[in-house]
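For the protein sequence lines, the chains are A and B, in the order given. The numbering of the first sequence is the numbering used here, which starts it at 1 and goes up by one. The numbering of the second sequence is the numbering used here, which starts it at 113 and goes up by one.
Simulated from the structure, these hints should not be mistaken for laboratory data. Some hints here could point you the wrong way.
Claimed, not checked - No farther apart than 30 angstroms at their CA atoms in a straight line, the calculated lysine-lysine pairs in the DSBU-like style are these:
| hint | chain 1 | residue 1 | chain 2 | residue 2 |
| --- | --- | --- | --- | --- |
| 1 | B | Lys212 | A | Lys44 |
| 2 | A | Lys9 | B | Lys154 |
| 3 | A | Lys44 | B | Lys154 |
| 4 | B | Lys212 | B | Lys168 |
| 5 | A | Lys57 | A | Lys14 |
| 6 | B | Lys179 | A | Lys57 |
| 7 | B | Lys154 | B | Lys212 |
| 8 | B | Lys168 | B | Lys154 |
| 9 | A | Lys14 | B | Lys154 |
| 10 | A | Lys57 | A | Lys9 |
| 11 | A | Lys14 | A | Lys44 |
| 12 | B | Lys154 | A | Lys57 |
| 13 | A | Lys57 | A | Lys44 |
| 14 | B | Lys212 | A | Lys57 |
| 15 | B | Lys168 | B | Lys179 |
| 16 | B | Lys179 | A | Lys44 |
| 17 | B | Lys179 | B | Lys212 |
| 18 | A | Lys44 | B | Lys168 |
| 19 | A | Lys44 | A | Lys9 |
| 20 | B | Lys212 | A | Lys9 |
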Amino acid sequence: NAGVTQTPKFRILKIGQSMTLQCTQDMNHNYMYWYRQDPGMGLKLIYYSVGAGITDKGEVPNGYNVSRSTTEDFPLRLELAAPSQTSVYFCASNPSSRNEQFFGPGTRLTVL
Amino acid sequence: QKEVEQNSGPLSVPEGAIASLNCTYSDRVSQSFFWYRQYSGKSPELIMSIYSNGDKEDGRFTAQLNKASQYVSLLIRDSQPSDSATYLCAVKLIPGTASKLTFGTGTRLQVTL
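I would like the entire structure built from these sequences, with the hints used as guidance.
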């Protein structure tokens, strides 16, 4: 199993540009999450999903959108990039039977 | 009051010593507690989970939970330089349908030679 994979690893965006961060897991986990981590800060939950077709907002959802059309994929969309969205983004997943989350390698995003 | 609090450190311990990392949380109904290790530039890696009061041991790691005092700690015995990392405490604060975790800001551990 590859576990949780994320693409791209790094990206630089200009203000106002859009992009999609990809997240895929091959463990058949129902629950998936997107977090952002700013320097010296903990992880903040952006959006989460408990299954295909079901998504909900986390603590910091403004400026982001998600979709969950399959169990495996949970893309995060930034529509109008702003410097405040410069961060490291992590995707995570877990099976519904357990609470332990497993993280992808992260995407480092810079908005200039 | 922050929901999950950790001392940011750095906590410096000599090689071979015991490192003690602490975490307090705000909500008495919390049931699930986790310790993640994060190396610089890498993603969090789960090292321990604990659900019941008391101690849980796994190799050199021991997690301790005291729900009455609302704290959870992680002990690392025989600390090695490879243990140098940031340790994140995570708590499932609210029972619910999803395993939403709230993370502390992490404690940076430095193991010195």
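Structure-based check of all given hints:
At most 30 angstroms may separate the alpha-carbon atoms for a hinted pair to count; Lys212(B) and Lys44(A) meet this at roughly 11 angstroms. Of the supplied pair hints, the one linking Lys9(A) and Lys154(B) holds, its CA atoms being roughly 11 angstroms apart against a limit of 30 angstroms. For the suggested pair Lys44(A) and Lys154(B), the alpha carbons sit about 16 angstroms apart, so the restraint of at most 30 angstroms is met. Using a Cα cut-off of 30 angstroms, the hinted pair Lys212(B) and Lys168(B) holds, with the two alpha carbons roughly 22 angstroms apart.
Between Lys57(A) and Lys14(A) the CA atoms are separated by roughly 25 angstroms; this keeps the pair inside 30 angstroms, and the hint holds. Our distance criterion of 30 angstroms between C-alpha atoms is met by Lys179(B) and Lys57(A), whose separation comes to about 28 angstroms. Of the pairs offered as hints, the one joining Lys154(B) and Lys212(B) holds, with about 21 angstroms between alpha carbons and a cut-off of 30 angstroms not exceeded. The hinted pair formed by Lys168(B) and Lys154(B) meets the criterion: a straight-line CA distance of about 26 angstroms does not exceed 30 angstroms.
As the CA atoms of Lys14(A) and Lys154(B) are separated by approximately 25 angstroms, the hinted pair is consistent with the 30 angstroms bound. Note on Lys57(A) and Lys9(A): the hinted pairing holds, with a Cα-Cα distance of about 24 angstroms set against a maximum of 30 angstroms. Of the pairs offered as hints, the one joining Lys14(A) and Lys44(A) holds, with about 23 angstroms between alpha carbons and a cut-off of 30 angstroms not exceeded. A C-alpha spacing of about 25 angstroms is found between Lys154(B) and Lys57(A), which places the hinted pair at or below 30 angstroms, so the restraint holds.
The hinted pair formed by Lys57(A) and Lys44(A) meets the criterion: a straight-line CA distance of about 11 angstroms does not exceed 30 angstroms. Taking the CA atoms of Lys212(B) and Lys57(A), the gap is near 11 angstroms; set against the 30 angstroms cutoff, the hint holds. With a CA separation close to 14 angstroms, the supplied pair Lys168(B) and Lys179(B) stays within the 30 angstroms bound. Of the pairs offered as hints, the one joining Lys179(B) and Lys44(A) holds, with about 24 angstroms between alpha carbons and a cut-off of 30 angstroms not exceeded.
Straight-line distance between C-alpha atoms of Lys179(B) and Lys212(B) comes to about 19 angstroms, which keeps the hinted pair within the 30 angstroms bound. Between Lys44(A) and Lys168(B), the direct Cα distance comes to roughly 27 angstroms. Compliance with the 30 angstroms bound is thereby established for this hinted pair. Note on Lys44(A) and Lys9(A): the hinted pairing holds, with a Cα-Cα distance of about 19 angstroms set against a maximum of 30 angstroms. A distance of roughly 25 angstroms separates the Cα atoms of Lys212(B) and Lys9(A); the hinted pair therefore holds under the 30 angstroms criterion.
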